[in-house]
Structure formats: structure tokens, C-alpha cells
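Turn these sequences into a full structure, and let the hints guide you.
There are 4 protein chains.
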Amino acid sequence: MNISVIGGDSRLVELVKILEKNKNTVFLYGLEKNEKLVGFNHVENIEDCLEKSNLVITSIPLSKDGKIINSVFTDKIIFVKDFFEKIKNKKIVTGNITDEIKQYIKKENNNEIIDILKQEELTILNAIPTAEGAIQIAMEKSQITLHGSKCLVLGFGRIGKILAKMLSGIGAKVYCEARKQQDIAWIKSYGYNAIHINELKEYLNEFDFIFNTIPHVILDKDNLYKIKKNCLLIDLASKPGGIDFEYANKLGLQTEWALALPGKVAPRTAAEYIYGTIRNLSY
Amino acid sequence: MNISVIGGDSRLVELVKILEKNKNTVFLYGLEKNEKLVGFNHVENIEDCLEKSNLVITSIPLSKDGKIINSVFTDKIIFVKDFFEKIKNKKIVTGNITDEIKQYIKKENNNEIIDILKQEELTILNAIPTAEGAIQIAMEKSQITLHGSKCLVLGFGRIGKILAKMLSGIGAKVYCEARKQQDIAWIKSYGYNAIHINELKEYLNEFDFIFNTIPHVILDKDNLYKIKKNCLLIDLASKPGGIDFEYANKLGLQTEWALALPGKVAPRTAAEYIYGTIRNLSY
Amino acid sequence: MNISVIGGDSRLVELVKILEKNKNTVFLYGLEKNEKLVGFNHVENIEDCLEKSNLVITSIPLSKDGKIINSVFTDKIIFVKDFFEKIKNKKIVTGNITDEIKQYIKKENNNEIIDILKQEELTILNAIPTAEGAIQIAMEKSQITLHGSKCLVLGFGRIGKILAKMLSGIGAKVYCEARKQQDIAWIKSYGYNAIHINELKEYLNEFDFIFNTIPHVILDKDNLYKIKKNCLLIDLASKPGGIDFEYANKLGLQTEWALALPGKVAPRTAAEYIYGTIRNLSY
Amino acid sequence: MNISVIGGDSRLVELVKILEKNKNTVFLYGLEKNEKLVGFNHVENIEDCLEKSNLVITSIPLSKDGKIINSVFTDKIIFVKDFFEKIKNKKIVTGNITDEIKQYIKKENNNEIIDILKQEELTILNAIPTAEGAIQIAMEKSQITLHGSKCLVLGFGRIGKILAKMLSGIGAKVYCEARKQQDIAWIKSYGYNAIHINELKEYLNEFDFIFNTIPHVILDKDNLYKIKKNCLLIDLASKPGGIDFEYANKLGLQTEWALALPGKVAPRTAAEYIYGTIRNLSY
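Protein chains in written order, with the working numbering: chain A, 14 to 296; chain B, 14 to 296; chain C, 14 to 296; chain D, 14 to 296.
Bear in mind the hints are in silico, worked out from the structure with no lab data behind them. Just to be clear, a hint being listed does not mean it is correct.
The list treats identical chains as one, so a pair stands whether inside a single copy or across any two.
[Unchecked claim] Result set (SDA-like, lysine to any residue): computed pairs, CA atoms no more than 20 Å apart in a straight line: (1) K277 / E153; (2) K154 / A271; (3) K46 / K103; (4) K239 / E269; (5) K154 / A273.
Shown next, in the form of C-alpha cells:
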């Protein structure tokens, strides 16, 4: 299969290597500065690359500002608008296509556009490196072991479930917070200590580590006030996050806001998940 | 609080004990033959009991045939129709209210009827004794240990998830089957071996134990044929079950169809789950 | 290889099947009544069988009374004395050779006798079916799930370690008792709640299940008195066991004394362990 | 209780805080440069401090060169010889008393000297932060997750056991190597894949991570040659370590030699273990 990979970060670099290994012909544009890809098929003009390919993979997510495609390993600037004008009759894999970006997508170009970050499969798998990254940060930023410590996980969604399992596997005493009774039932089933959100305040002063996965401010002034001073707070939720960071700071609490962990802590694994998800799309 | 408990099986017996322990006044009807309830407040007429109570709990599920309330520990016959005629202005907890039963429920009687088997919380919790019961059966009916054995779990819903965790915790090599890619992702996240339904055939001959949780026939003739002779098949799915039992029998495969496990293997735990769920309904 | 198997119980039956499967020629004596061995090479005279073999495997343990070889599947009586008189220049595998038995072993017969129950490898492996058997009993004899229950394991030797792991894997809250501080350190390392023997009394009233692995009476009158009434006590220790059963009985405590579990709950697995251990002896 | 703490590293700093918290009066010498101990009882002369104390705790291990007491947080130089001359009739806790150091210990001074690093309890507990530190390094130095990776642990002693448990708990596929059949039995009991040292070569090319805990060169030229190029090798064994680092380097293999992890990755936990061990010595 002929595939173009355009721009992106270290995950796309690793993805290129996986695609090659699996006997695809891969054309690269906007990745020429990455040392791991020296000797690969870099093309000069994006048109050359698009023409020859059945599948086009570009940055995941596509763009921060809606105008320029995220591209860490190039000096070139690739505009979202240009990209969607030039490309026709292709299957395109990218991520996080916002309303702003949608205006650039023209029906007459007849592309099939796949927002891979909307694939539940990938979202679940990405929780694995996110949880592992959170554990790495907890280990790096503390004076104690996770083993034997008391850890609170706020939210029992994908990341909460996997993080709780890993923390427990290392030997931490794991408490999980949830709002719905059915999540409380799941938490008990998995053998963690369950805390209903209404009881949260009573427990907050016990923890050595608190991990947040809920994307709205749950650790507000009232709650932060209860937390013991040498607790480490790690927020894994996207903006606005789950912690009132300013107030936490005032109280002298140690906080870490860790975003986009899969690409940072395990780009090769993250690339393998993207690869697997793309393959499963064809089924 | 004043509560009536009417009919039911060993779970309701245990529930009565829990209710008493938590300082409720409990009136019993249709439980007089159970030896654990000697000395409790048995009433002669169902009306006496209903009159004094805010909450009425009866058999879960309510009835097998839609006509008579399930009541293991009495010689009395309690008709569903009579029950719903006599009872007025109460909160009633029962389970599995079928269309047939619904015709007996009169709006003018002004009861609030709760089908507790429809509470997601309870369904999740009931997966725990179901999984444990399945493990008990696997231990009893085999010549080998679960530890070190190869186990396949068909379906990764509530029971599948908890059963896989327990089997793994005992030391079995756990394989889970699913149809959706997102369930495959969950299976991998939890560290089990994932088998997509399309690949199932290739693997079937490897297992020492197969547990089914899917409520339609997945182990049909074609699949049964692949399974090795000393494999033990345990079906946890309600009718029609997931195994072609007749054909399995012909092949000389050992099968067990295990239904309603919570009440059989752990009535006290099952009663505690019911109690907790009733309490949470008030929130 | 030519091997004789003489007498024994269901583990030796399974061992015969494993030996055949691994392309050995196996001669049987004293196993003719087992239906699984119909069609195998049963010999009429023990001499026929011994003559042709390099390796002789007999009952494990050899004898209960020191005089007759344990043989469940025969009407023949095989005397220990006769056996050791007839057998010459062989490698003999058996178990539990007592001082009484040793008098029958004649040096001039030039046999190499292996007491396989003295092999640390096998003792460790046998802890697996023992632990699983204990769990099966706990499930069968109780009204609650192990999941979520409070379990105490007395002694942190081979069985204690594996049982604690399995109980924890099912979802029990596991407490382990030990006397030595280094065992307490191990218990903490593995993430269980550690109880030093000196603190045992304070905790005894909390448990739903108590498993003993210590071969002397630790649950004496004083300790039994503290245990709550619906706790199930399972003793896995060989005589005299770890429970004052008579007094436990008086107190109305439910007790189970479970011995020789590997052969009872998982004879095939137990046979595989014996087979592996015999093979490793040759290294 | 009155206690002197003299010199040492961040673990002794944390130990001072724990001792204070537990209502001991603590005198410090050779720790004045640590910012966490501002406002504590620092004394000018070591004699002042010794005089007032029942118990003297000094650096663990005592000295690198046998002459000067390890003291990270001071400009003072404290000589081993001076220390043992000045101190009389005390209980002294330190670690790693070498033959060289022993010559300075005078019987007539009547001290009771405790080498706490010889306490099995502490050695076991120290395996916890060592294993966690190894995991932290593996996470930091790799492009993949530990979850789903293939990990080999060389040696199944204290660190091997705990590291295998944690790796498995994070979701790695864990293989453990051992030489003795009884260790192989333990490895199987715990549910890891067992590799006997004689089979090691066949497996070496499969791993993403190799952790060594054996204090002699097991990964020699022949073995290193088999390992795949992007495997990360982490050596936890004290000198000479278990890897031929020079040759590994030539082959382009990534290696990490991680020593003294407890003090580095979790000084507070390490201090708590020391505190607990000192307390238990009194029993």
C-alpha cells in the first residue's frame, strides 16, 4: 500500500517506521528534520506525495490554531486550508477536526476524512500510556514510594479505570471517586475503595497522591483546603483541568498538570495504537 | 422504619436479618418455614403486614409464571393479582415485572413500584457472586487447577469483566472474546489475551475451561467441534444460553448451565447488595 | 523409557496417562480397577513389571501404616516389605519414607530411592492445588462471597503465600499473620495487611474466613473465643492441625479440616507436578 | 527518648523528621546544611550530642572509604576513627561495617553496634523502593509503555520477586529467570513465565526490557549478542553488576546501572523502613 505521512510529532515518526516494517511504501512530507527518518522517502512537494498515495495520514491532532498543521520536524509551514484544497479522492486520517477546520473541507474534493481521536478503540488504548505517564510523574516528583501510599483517583472513566489498576498493581492503596452509583458498584467490583462524591470531603486529608481525570474543577478552594500539605496532585484532565491551580499554589500544594502524555512518554506505543486502529477501520 | 417482607427465597431471608440489624421493624409474611427467621415478626394476614409498613419488599424476581409470587419458605400461595389489589400507597420493591404482571398493577392504588433488577448498580454487583459461583463450579467439576490453566471468557460485559479479573487473580491464563474493537481494546488494557470473534475458531482447541456470558448460541456445532475433549464448558447466560447443549452432549463435552448463582452461592452477599441498592434509591 | 507404576491413588492414574503421552512404555500393577486405565499394560505379577523397567514409581506417600503400600484401585494387597525385597538395581520414586519403612530397605538390593515429597520443588508446587482447594471449600461452605470478605491467613510459608495471592486475586481483603519480622516485611511487600502474632488477638473478631497453615495449635481456647460466630475456619495444616476443634465446636464455630487437597481437588495437575519433578531430578 | 543523628544523606534527614514526629528529642550533628532541618536541634560539638543520647544513629552505610563518615549535608569532616573513640556505652545504629571499620571499634568503649543493613527485615523492605526505582527508570528511558511489553527479570531473590509483581501489576508480560528448580516452582506459582538459566539463550531476543538483580556477570558477550537492539537493560546489582557494560556499549545496547535506589527515589519511605526496623530491634 502507498501511504503519505505529512507533518506531525514523534508518534507519526514512529508510525512511519511501523508502516515501513509492515511493507507499505511511505512518502514523507514535513518530517525531514527528524534524525530517525534519515534515508526514508522524503518528497519535495506535497503534491508528489499525495498523488501516489491511497491513504494520507497527517498530524493527530491536526492543528492547534485551526490554521497550521502541527509539524514538529520541519521548517516548512503547512496550512490546513492549502492541504484540504490540494488533496482529492483520498482517505485521510487525522485527529480533532474542529468546526473551524471543517470550513476548509470541500465536499467536491471527495475525500473520506477520519477523525481517529473519535474512535473509541483508540481513546481506550491511549488511556494506557496516559496512566503510565501519570505513574512516572508521581514517582519522579515524590519522596515516597507509590507502594504502600494512599492514592485517590478522581473519576472512573477510561483513564481512571486503568490508572487504578496499575496503581493497585504497584502496591498502592487505591481509592476511587465517582458520582454515579453504578460507577461506585464498578469500583467495588474491582476491589478498590469507593468514595461517592458526596463523601469526598471527609476523605481528602488522607492521601499521598491525588490523580484527577475529570475535565472540570472538582478540587476547588473548599476541597483543596482539606488536602494534606505533602500530597502530590496530578491533573490528567484537558482544559480547564480539575484543579484550581492558583489556589493550590497559594496553599503550597505541589501540583502537576500533565497533558498529551501518550506522545510524550511512549511515542512508539502510541504509534502502534494508531496503526492498529487504522487497520481495524478497514474491517 | 417499618418494612414488610413478603415471600421470596434465601436472599430475602438474609435481607430480613440485615434490615433488623439496621434497626428497622420488619413484618414477615410467607417466610414462616425458614428456621433462621424463628422468633421474628411473622404476621398471619398479609393485610396486617402491609398496613403498618412504609416499604414493602417482595420476591426478586416476583414470579416465575406471572401468577404466583415466588415463595420458597411457606405453604401459603400468594397470588400476584391479590397482592397488587390489596396494596395501596406504598413503595414496593421487587424484580422482573413482566408485561403479564403489569396488567395487575392498578394506577388507582397509587403504589410506587421499583423493579430493582433494572437498577444498573445491582446488576453490576450481582456479577460478583455470579463470577465466584462460576469459579466454584469450575473447581468442583474439573481434575485440574484453574491456576495455570487456559480459560476463555466469551463476552466482555459485566460478568465477563469480573470473571476475567478473578480467574487471572487465581493464576489462570485468561483469554477474552469480544465482537467490538472497543471491547478488544478494553481486554488488552486489562492485560488479558484478546480474541476477536472472527478469530475465535482458531483458538477454541486450546482451552481447559470455557465460560460463556453471551445470551445467544455462540458455541454452535461448528465451534463445539473445535473444542478439546477434556474442556469444561460453563454457561452463565440466561435462556436460551450460549451453548448447543444437545450437540455438546453428543460430542462428549462436559457442560454446566449455571443460572441464578447469586442466590445459590452467596445469599447473604446478594442480600447486602439488594439492601445497599434500596438505600441508594432514596438519594 | 520403560516405567513401572505400582499402586497409588488418582494422581498415579493421571501420571500413567502423562507418561504414556510422553512416549514412555508403562507397566501397571495394582491399578487394574481404575476405569481410566482400561486397555493399558496391566501385568499379573509384580516381578514382570519390575524386570522390564528402569524406573519404578509407587504410591506417594508410600504407606499409611508402614506395612501396606497405599493402593486405591486394586483388590491386591502389596506389602512394603515384599516390595523392597523383590526390587533390585532400580530407581524408585515414592514419598514419605518413614523410619519404620526404612528398615525394609536393603542396601544390597542397590536401589536408588527418591522421596519425592522431600523435593522442595514439589512441595512448593503442591501449595497451588492446596490453596485452590481451600478456596473451593470456603466458597462451598459459606453464604457470602470471598470477594469483599475479610480473610486471615495464619502462617506465611509456601501455602500461606500462594493462598494470600489467590484470595487477593478474587477480591478478598487479605490479612496475613506471621511471627518473624522478616515475614512481616514480606507480607507488606506483597501488599497484604500484616499482623504480628503478638497483635493477633486484637484482630481476630473481624474475619469472615480464617485459613490456618501452621502445624501446631494456634487457634486455642483464648483465640477461638475472640472469633465472630459466622466466621468459617479452614485448617490446612497436617496433624495435629492448628485449631482446637473440640472447643471450636463447643463455641458453635464452623470448622473444616482439609488434608491432602492436591490429590482430591486436582489429581491431574498434581500428577503433572510429580512428572515434572521426576524429570528435573535427572538434570 | 533522646537520640543523636550524625551525618548521613537524605534518608537520615527524613528519619530525623519521623523521630521528632514520634516524640523523641533528636540532636543533630553534621546535618546543618539541609534546609528541611532548619530550626531543629543542631549541636556544635559531637560530644554534646552523644552525651545526651541513649541511641546514636549515623550514616547508612557508614563510610565509602572506611575513614570518613558519609555526610552529605555538612562542611564538617567526621572521621570514623574519632567517632568510635568518642562514643561510649551507647547503642549505635549504622550500616555496612567493613573489616576496615571494625579495627576502630574498641571493646572497652562498651557500645552496642547494630549493622542495620544486615537486618533481613530492612533488606526485604528496601527491595520495594529499589523495584519502584527500576520501574521509574524503565519508564523514563524508553519510547514504549511497560504495559504490554515483554520484561525479563534475572534472579528471583528479594528484588526479583517484588519487581516481577510490580511489572505484572502494571500490565507487562513478565518472564523470570532462575537457576534452582525450587525458584522455578516459585516463579510458576506466582504466575510468571519461568526460564531456567540453561534455556536463557533461546529467549533473550524477545525482550523489550531486561532487569538484572544477580551480582555477577550473567549478561556476558555471548548473551548480550542475542538481545534485540532496542531492548533496555537495567542493572540493579551491586558491583561488579551483571552486565558486561563495555561490550553492551559496543553493540549499541542501551544500559542503565542503578544503585542505591531507595535513598534516591524515595528517601522518606526508606527512612520509615529504617525507623520501623530500629523499633522492631527492641522486641
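Hints and how they fare:
With identical chains, the CA atoms of K277 and E153 are at most 20 Å apart both within one copy (15 Å) and between copies (10 Å). Taking the closest pair of Cα atoms, K154 and A271 come within 20 Å of each other both inside a single copy (12 Å) and across two copies (18 Å). When the C-alpha separation of K46 and K103 is checked against a cutoff of 20 Å, the pair qualifies neither within a copy, at 26 Å, nor between copies, at 66 Å. With identical chains, the CA atoms of K239 and E269 are at most 20 Å apart within one copy only, with a shortest distance of 18 Å there and 41 Å across copies.
Proximity of K154 to A273 under the C-alpha cut-off of 20 Å is found in both arrangements, the shortest distances being 18 Å within a copy and 18 Å between copies.
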